[in-house]
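Model the full structure from these sequences, guided by the hints.
So the sequences go chain by chain: A and B. For what it's worth, the numbering used here labels the leading residue of the first sequence as 1, then goes sequentially. For what it's worth, the numbering used here labels the leading residue of the second sequence as 1001, then goes sequentially.
To be clear, the hints were calculated from the coordinates, so they are not data collected in a lab. Treat the hints with care, since some could be wrong.
As the list claims (entries may be wrong) - Capping the alpha-carbon separation at 20 Å, the derived lysine to aspartate or glutamate pairs in EDC-like fashion look like this:
(1) Lys128(A) to Glu89(A)
(2) Lys1263(B) to Asp1173(B)
(3) Lys1257(B) to Asp1173(B)
(4) Lys257(A) to Glu1186(B)
(5) Lys258(A) to Asp1173(B)
(6) Lys1263(B) to Glu253(A)
(7) Lys1258(B) to Glu260(A)
(8) Lys289(A) to Glu269(A)
(9) Lys258(A) to Glu147(A)
(10) Lys203(A) to Glu89(A)
(11) Lys1259(B) to Glu25(A)
(12) Lys259(A) to Asp1049(B)
(13) Lys1257(B) to Glu260(A)
(14) Lys1259(B) to Glu262(A)
(15) Lys1259(B) to Glu266(A)
(16) Lys1047(B) to Glu1147(B)
(17) Lys263(A) to Asp160(A)
(18) Lys263(A) to Glu1253(B)
(19) Lys263(A) to Glu1147(B)
(20) Lys263(A) to Glu253(A)
(21) Lys259(A) to Glu1262(B)
(22) Lys257(A) to Glu1147(B)
(23) Lys1040(B) to Glu1186(B)
(24) Lys70(A) to Glu25(A)
(25) Lys47(A) to Glu147(A)
(26) Lys46(A) to Glu186(A)
Predicted, not measured: the structure shown is a model, and the values here were computed from it.
Protein chains: 2
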Amino acid sequence: MICRKCKKRKAVINIKAYRLPLCDECYPGWFIERTKKVIKEFSLLKKEDRILTAVSGGKDSLSLWHTLCKIGYNADGLYIHLGIEGYSERSLEKCRIASEKLNRRLIVYNLKEKTGKSIPEIKDLRSKCSTCGLAKRYIMNRTALEEGYNVVATGHNLDDECASLLSTALRWDLGYFGRQDINLPEMKGFVRKVKPFAFFSEKEVLTFALLQRIDYLDEECPYAEGATSILYKEVLNIIENRSPGTKIRFYREFLLKKKEFEKFRELEELRECSICGQLTTREICAFCKTFGKLENRSY
Amino acid sequence: MICRKCKKRKAVINIKAYRLPLCDECYPGWFIERTKKVIKEFSLLKKEDRILTAVSGGKDSLSLWHTLCKIGYNADGLYIHLGIEGYSERSLEKCRIASEKLNRRLIVYNLKEKTGKSIPEIKDLRSKCSTCGLAKRYIMNRTALEEGYNVVATGHNLDDECASLLSTALRWDLGYFGRQDINLPEMKGFVRKVKPFAFFSEKEVLTFALLQRIDYLDEECPYAEGATSILYKEVLNIIENRSPGTKIRFYREFLLKKKEFEKFRELEELRECSICGQLTTREICAFCKTFGKLENRSY
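Put into structure tokens, the structure is as follows:
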């Protein structure tokens, strides 16, 4: 197959949802232009934004950081060290390499040093994955607020977003639909959160990372094994292979219809957590409840 | 594995959603009791109902007819002959056998004889499967009205219902959610429609049909090949195998939440179709538009 853009070179990827074969030279340019279009269409970022990019060391978040800098955004990185034996150190190393290459600041938040507990030490009723998600959301927001960033960008791709939608649909958790978005607006105590890669499939991001020679960690978190999100991604890809474009339609149509689900969100009154001072619906926020039991935090 | 009920015989099926292994003697009784419970819980049928059971010759609808008669309901059968070469004749034969065995009336509606067109002859913009669905819904309702039945029962199983919900969710067709139900109430011009097997998986109905020696046609409609509904059933079963009970939760939770989607239904004014007189939102109903082009119907 020949590249649709240059009409000369051999295509390395055929983006079936757009019926678009592209070569290794044309693909990265298309990828960056597509990112710009999504940013514009959903008003994700402004030139003057101070962006904190949540980086895990994987292909998605490092490609995002790379792309945002390439476009010219003011984007630093935040790495959350979860204390997972070996995996966390190897991930951090990839983020440090990216930080040096991009010449941008990398903030490292070490969960064990800050709270006394790492993710492997959490013995919570919730699963490790959901506790880790809770910790990440809290730390991203708090670090952005404290360090003067007005928006957090995450590397969630189309597969992540569709798996999350499918999981929510299988539970009919209508209120949760109301909270999912490509652009979660700023609210009192919460910075804006955006997902500029939400329309790229995992394969498209991987192809970009490989062609741009982004040095990322090709390793799943050891706790992710058997996660239902991986299963949901697999089944959605089975459907996608039969009907190319299904995932994009599923996600795009959701964004159009999501306002219908906002009324199911229970908008409770927010108050300051009595331990950390961050906004929460309870006396003590979920983060402090999980990580702050041992001692009072000084921050 | 030993049967949970008699605690003696070897189990032939392990119903994972309920963690219930049952033997060949205990299973049919459990199946019938479970049908009764679903009928009661969702007020599907009353003792005095005159039921028209839509039968296709397959395991689901013939098992349903068999079960309704066994429970003691007043249930006749309706077979819609679609004119599909060979397949329709073989299906009809199985329905005739059931009719004789149950000693109940079988109404046969021959699409070609009544309208001049069979399903294979339909060259419509819509797919054959959706035209066939339209024809069946129309004929079931009209026959029930004309022959004095107050309720139509169909053999839809849990796999059918979940595949349909998944398909609707992937399109975010919120209005369509409002129309899906285990018990579609009677409306002016439309008899009640119920699905007493909606909580049985396809495998559970198959096991019942085999153990009860129901003589059914084990053949897919030749036009169903490659239907997305088959794909959706496959992927839902991949999820079910990993997390038994997912399909039942998906369906049950939907029935609890479906009222939230009713407002998305466009409730248009109904009037009589100028050809057949059945209620429709247009001048000519969709059935007459597709099947009534050649000549005016006499019925």
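Hint-by-hint comparison with the structure:
With a CA separation close to 19 Å, the supplied pair Lys128(A) and Glu89(A) stays within the 20 Å bound. Proximity of Lys1263(B) to Asp1173(B) is assessed by CA-CA distance (about 12 Å); at most 20 Å being required, the pair is judged to hold. Among the hinted pairs, Lys1257(B) with Asp1173(B) is consistent with the structure: their alpha-carbon atoms are about 15 Å apart, no more than 20 Å. A threshold of 20 Å between alpha carbons decides the hint, and for Lys257(A) with Glu1186(B) the separation of about 30 Å lies outside it, so the pair is violated.
Proposed proximity of Lys258(A) and Asp1173(B) is supported: the alpha carbons are some 12 Å apart, at most 20 Å. Between Lys1263(B) and Glu253(A) the CA atoms are separated by roughly 18 Å; this keeps the pair inside 20 Å, and the hint holds. Straight-line distance between C-alpha atoms of Lys1258(B) and Glu260(A) comes to about 14 Å, which keeps the hinted pair within the 20 Å bound. Between Lys289(A) and Glu269(A), the direct Cα distance comes to roughly 19 Å. Compliance with the 20 Å bound is thereby established for this hinted pair.
Taking the CA atoms of Lys258(A) and Glu147(A), the gap is about 32 Å. The hint is violated against a cut of 20 Å. For the hint pairing Lys203(A) with Glu89(A), the CA-to-CA distance comes to about 26 Å; that exceeds 20 Å, so the pair is violated. Of the pairs offered as hints, the one joining Lys1259(B) and Glu25(A) is violated, with about 52 Å between alpha carbons and a cut-off of 20 Å exceeded. A threshold of 20 Å between alpha carbons decides the hint, and for Lys259(A) with Asp1049(B) the separation of about 42 Å lies outside it, so the pair is violated.
Restraint check for Lys1257(B) and Glu260(A): satisfied, since their Cα atoms lie roughly 14 Å apart, inside the 20 Å limit. Taking the CA atoms of Lys1259(B) and Glu262(A), the gap is near 16 Å; set against the 20 Å cutoff, the hint holds. Restraint check: the Cα-Cα separation between Lys1259(B) and Glu266(A) comes to about 18 Å, which is no more than 20 Å; the hinted pair holds. Distance check on the hinted pair: Lys1047(B) and Glu1147(B) sit about 19 Å apart at the alpha-carbon level, within 20 Å; holds.
For the hint linking Lys263(A) to Asp160(A), the alpha-carbon distance of about 24 Å lies beyond 20 Å, and the restraint is violated. A hinted pair counts as satisfied when its Cα atoms are at most 20 Å apart, and Lys263(A) with Glu1253(B) qualifies at roughly 18 Å. With a CA separation close to 45 Å, the supplied pair Lys263(A) and Glu1147(B) exceeds the 20 Å bound. A C-alpha spacing of about 18 Å is found between Lys263(A) and Glu253(A), which places the hinted pair at or below 20 Å, so the restraint holds.
Proximity of Lys259(A) to Glu1262(B) is assessed by CA-CA distance (about 16 Å); at most 20 Å being required, the pair is judged to hold. Between Lys257(A) and Glu1147(B), the direct Cα distance comes to roughly 42 Å. Violation of the 20 Å bound is thereby established for this hinted pair. Restraint check for Lys1040(B) and Glu1186(B): the C-alpha separation of about 18 Å stays at or below 20 Å, so the hint holds. The suggested pairing of Lys70(A) with Glu25(A) holds, with an alpha-carbon distance near 16 Å, which does not exceed 20 Å.
For the suggested pair Lys47(A) and Glu147(A), the alpha carbons sit about 19 Å apart, so the restraint of at most 20 Å is met. About 14 Å separates the Cα atoms of Lys46(A) and Glu186(A), which keeps this hinted pair within 20 Å; it holds.
Hint check: violations occur at hints 4, 9, 10, 11, 12, 17, 19 and 22; the rest are consistent with the structure.
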